[in-house]
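Asker: Starting from the structure of chain B, add chain G where the hints point.
Taken in sequence, the protein lines are chains B and G. full-length UniProt numbering applies: residue 1 is where the first sequence begins, and numbers increase by one. full-length UniProt numbering applies: residue 1 is where the second sequence begins, and numbers increase by one.
No lab work stands behind these hints, which were simulated from the structure alone. The C-beta atom is built at its ideal place from N, Cα and C for all residues, glycine as well. Be a bit skeptical, because a hint or two may be false.
[Said to hold, decoys possible] Ranges of calculated distance between the beta carbons of each label pair, as one might list FRET restraints:
id : chain 1 : residue 1 : chain 2 : residue 2 : range
1  : G       : ASP8      : B       : SER77     : 51 to 59 Å
2  : B       : LEU220    : G       : LYS90     : 46 to 54 Å
3  : G       : SER33     : B       : GLU513    : 58 to 66 Å
4  : G       : GLN509    : B       : GLU34     : 56 to 64 Å
5  : B       : ALA371    : G       : GLY30     : 40 to 48 Å
6  : G       : SER7      : B       : VAL350    : 24 to 32 Å
7  : B       : LEU220    : G       : THR209    : 37 to 45 Å
8  : B       : ARG57     : G       : GLY30     : 56 to 64 Å
9  : B       : ARG57     : G       : ILE154    : 39 to 47 Å
[Claimed, not checked] Derived list of chain G stretches under chain B, where covered just means 3 residues or more per stretch with a C-beta under 8 Å from a C-beta of chain B:
id : segment
10 : 5–18
11 : 207–213
12 : 349–362
There are 2 protein chains.
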Amino acid sequence: MSFSSLSDYQTRRQDLILADRALRADHKTGQLSELEAQADKVIRDLRAAEAESIWSREYEGIPHPFPGMEFLTGKRSIIVQTKLFEILGKMPKGGLLHAHVDATVNVAHLLNLATKYPAIHVRASTALNATNIGSVLPELRPLPEDLRSSAGLIALTDSNYVPDTWVQFNKAKESFSPQLGGPEGFDRWLTAAMTINPTEAYVTHNTVTKIWQKFQSTFLVAAPLVRYRPIHKEYCREFILSSIADGISYVEPRINFLKDIVRPFISADARSHVPHREILQDFDEVLNEVKADLKAQGKGDHFIGARIIYTTIRFITPEELEWYLQECIDLKKEFPHLIAGFDLVGDENVLKPLIYYIEPLLKFRKMQEDAGVEIPFIFHGGETLGDGTEADMNLYDAILLGTKRIGHGFSLVKHPKLIEICKERDIAIEVCPISNEILRLTSSMHMHPLPILLNQGVPVALCSDDPSVFGNMGLTFDYFQVLAASEITGLIQLGEMAKDSIKYSTLEQADKEQALSAWQKRWEEFLKYVVTEGPRYL
Amino acid sequence: MSFSSLSDYQTRRQDLILADRALRADHKTGQLSELEAQADKVIRDLRAAEAESIWSREYEGIPHPFPGMEFLTGKRSIIVQTKLFEILGKMPKGGLLHAHVDATVNVAHLLNLATKYPAIHVRASTALNATNIGSVLPELRPLPEDLRSSAGLIALTDSNYVPDTWVQFNKAKESFSPQLGGPEGFDRWLTAAMTINPTEAYVTHNTVTKIWQKFQSTFLVAAPLVRYRPIHKEYCREFILSSIADGISYVEPRINFLKDIVRPFISADARSHVPHREILQDFDEVLNEVKADLKAQGKGDHFIGARIIYTTIRFITPEELEWYLQECIDLKKEFPHLIAGFDLVGDENVLKPLIYYIEPLLKFRKMQEDAGVEIPFIFHGGETLGDGTEADMNLYDAILLGTKRIGHGFSLVKHPKLIEICKERDIAIEVCPISNEILRLTSSMHMHPLPILLNQGVPVALCSDDPSVFGNMGLTFDYFQVLAASEITGLIQLGEMAKDSIKYSTLEQADKEQALSAWQKRWEEFLKYVVTEGPRYL
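Here chain B stands alone, though its shape is the one from the complex:
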């Protein structure tokens, strides 16, 4: 290639850059409204200003901060202090398409809910002291009334505590030894067991395999609380309300349905397991109450609703899966407006791949036809660093089985043909940036493959995955991390992802249009806010 002049070079350089970015959703330079262009510039200027003013300083215990850095380290001392974060908090986010209900409400709220139910008890495998408190896990359980009488009155921190004796939650909290922090120390002990801290993610458990062990442990500890029916209902309410507060107008969470012994839902009297249809009834009630409340406040268009992706865990047998597929169909018939799809969850690197379940999964279409329902697969796939491992190969099966979206799809960028198919068939990727980073698929946002997906024109919705464990409540943190780590992605791209999170939801067409139009209205207001208030921070 030869160039007639420097300006010829510059022109062709610009053409090449535009051609390279032509598939991006935000590739519409010249087509932006005046307001969009201005707001985009304010955000870019603010990002650049804060890269200097905020990110180039040292912070206690953070020797080398950078935008897009390890979330758990940067969150409190830096990220939440930025104006960029404050502004993004007000952005209308569209839908949240990938979150596991069990892990959506911040732990402080959950522990507060626990204080309200006398059934909730806690025990430990040994008396707690300063030496063992970091390693002994709490066990929680709602006990039926007749068993509560035998529950211990001795503090968990008393050296005379008899290992594995149940203590009522509030009593355990009040009697927690002042040497271990008293009631606050009790909450810290529980919180540590239900969340991942920076040392775990970045030092002691700094591989995918090891951090998954801690990750799974947080679910096992929290499940008896979260899945106690009265708490679960309030938990779902809080999930929805806090999502709305963060600018999310639709949620499509996954709920894990597991029959019998493994993490069942427990009835209010703690005597029995709750049939799954009653969990959906609760969810429906909460939903209707929230919507009625919003309507009464004149904010009806702030929340379009919620639908549930029925999931079970990929450690079951193919025969057991058939039972779940049938239950999912039965629930879809009873709650057609609530069931959005079907998925299998759990560590893809360790548990069963989709191909293991191929027979029941292939049968599912026929089962749906017979029942007169339609339930799309919305599979997790490629949440892995593997190259050709079973977890990576799940992407082939997810796509062949007609998945509507792909959960994570972290390894999708390795697969040119699958990328092509995702674009042809309009399969969106539920990208969970902070989850991927904390679960050590990427060391920081800068190694995340998201820019590859965006530049290839694959539709993407940003998601939070398990915010109660990761601390990325709402979607603002995930949007922030993505924005901070790029010089290309700006406000327009964030808006496009928000729109895609509605477009690729399972909402009916009419609802989708209504949601999109409500989003557009709030987006315009948000842009005005950015243009008006943003420059004050520069």
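Answerer: Positioned in the frame of chain B, the structure of chain G alone reads:
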């Protein structure tokens, strides 16, 4: 998509996998010779066996090893113990297309060379003791004879040592305090300053910015030794000989030419700077001696030769660059067989981007035409985690300027149009897996974008970059890391990359064909060895 049967599904699944891998160089199932197929299987079986037998154990100080793990941590206790590593050591590697001569010979050898020249002196900014030895850097310098008389006789570790007094290298070594390890402690002190250790890479300097600081420091410490003309000549010889010993049959290293004060080449009498043409003369002599020796041993086809990529550092002004471009042309005229191309080196994230030099770079073609020579650009580009930063944008300029290959191209995978162009114009990527990992672009081989390039069909040559600093001497380590971290890449793909390293060299067509045919012969021998000896390890 619907499937008539399970076997229909399986067939279409296999078709999809093959379509997804159709662009890979190793995508020729069914076209493999019996020998290739057998050898590939042996290596896959051995990899799987060692994943169990070697990688699933714990090692002292390595709580969670995995294939493709951090190189500096896994190298000695694990990688070099594997049979896979032993076998790959015997593989014919083709050409080494990306290595900086200053950093190609192991430090032990360099320190041994230093003992042979009385001119070599060393000093420190303070007397060394157990407390400061980890932070005080050695300064090395060849001194002219008349200055040597003033050189101190006191040990660097003597509390009476006068800061910054030169001590002759051998004397400094012999007199090094036994408390600090004596002569071996002296070598350890120097080695630590010229290499990166696991703690630096993975703890204290665990970001791209910080590790580059240590990385650059290793060059500053070693340069006065490496660039002392008599040592440099022996250093180049050892680089070539050790490459040949590792199965490399051609090298195309970069030599940094810097005029005057910055890291000059120093004459044997240590009185003057060496004109760059004399460095090339030395290189040429070494080359001819090595080739003659090999021929005498009947191993003439083990080494086809070497050519040098002329480089300077991207901190100069555009005006200064013109001087270097002209010198490069002058050297090409005098040593047409030795000058392979032109490049700019140094941290792309911090130093000047290509666009800063666009005027002289655009002039270069005309300058070549006037001089009747042809010197391709072989640019570094995209050695960065940045998304749209200057370092990332270098890829646009490298490609517009007609680069023959791209050094690193780490961020290329983000750029769909540039990938397309690389394939159309047959631009190979010099991928340096271990360098990228130690310089923190990727946390382990599993996050490296190489599989994306391979699956997109972009030609790739694996390279070592700066093996004296990283400890990845030869190419066996880099091939090992790539093989260990994938379930897809096998021996056939490694062979294709070896072939590409010859195909995309700057060798003349006739030499290239000769090199390829010699490689093919050795490859067949290697495959036979794998098939014969490999199964013994299973």
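Asker: With reference to the structure, classify each hint as holding or not holding.
Answerer: Do the hints match the structure? See the list:
1. One distance hint, 51 to 59 Å for the beta-carbon pair ASP8(G) and SER77(B), holds here, with the actual separation near 57 Å.
2. Remark: the range hint 46 to 54 Å for LEU220(B) to LYS90(G) is upheld by a beta-carbon distance near 49 Å.
3. Between SER33(G) and GLU513(B) the CB atoms are about 60 Å apart, so this pair conforms to the stated range of 58 to 66 Å.
4. In this structure the hint that GLN509(G) and GLU34(B) lie 56 to 64 Å apart at CB holds, the actual value being about 58 Å.
5. Distance hint check: the CB atoms of ALA371(B) and GLY30(G) are about 44 Å apart, consistent with the given range 40 to 48 Å.
6. At roughly 29 Å, the beta carbons of SER7(G) and VAL350(B) sit within the given window of 24 to 32 Å.
7. The hinted window of 37 to 45 Å between LEU220(B) and THR209(G) holds, with their beta carbons roughly 39 Å apart.
8. Remark: the range hint 56 to 64 Å for ARG57(B) to GLY30(G) is upheld by a beta-carbon distance near 60 Å.
9. Distance hint check: the CB atoms of ARG57(B) and ILE154(G) are about 43 Å apart, consistent with the given range 39 to 47 Å.
10. A count of 6 residues in the segment 5–18 of chain G with a Cβ less than 8 Å from any Cβ of chain B is obtained; the coverage claim is therefore met, three being the minimum.
11. Coverage of the segment 207–213 of chain G by chain B holds in this model, with 3 residues showing a Cβ closer than 8 Å to a Cβ of that chain against a need of three.
12. Against chain B, the segment 349–362 of chain G contributes 4 residues with a C-beta closer than 8 Å to a partner C-beta. That satisfies the three-residue criterion, and the hint holds.
The earlier numbered hints are all upheld by this structure, with none contradicted.
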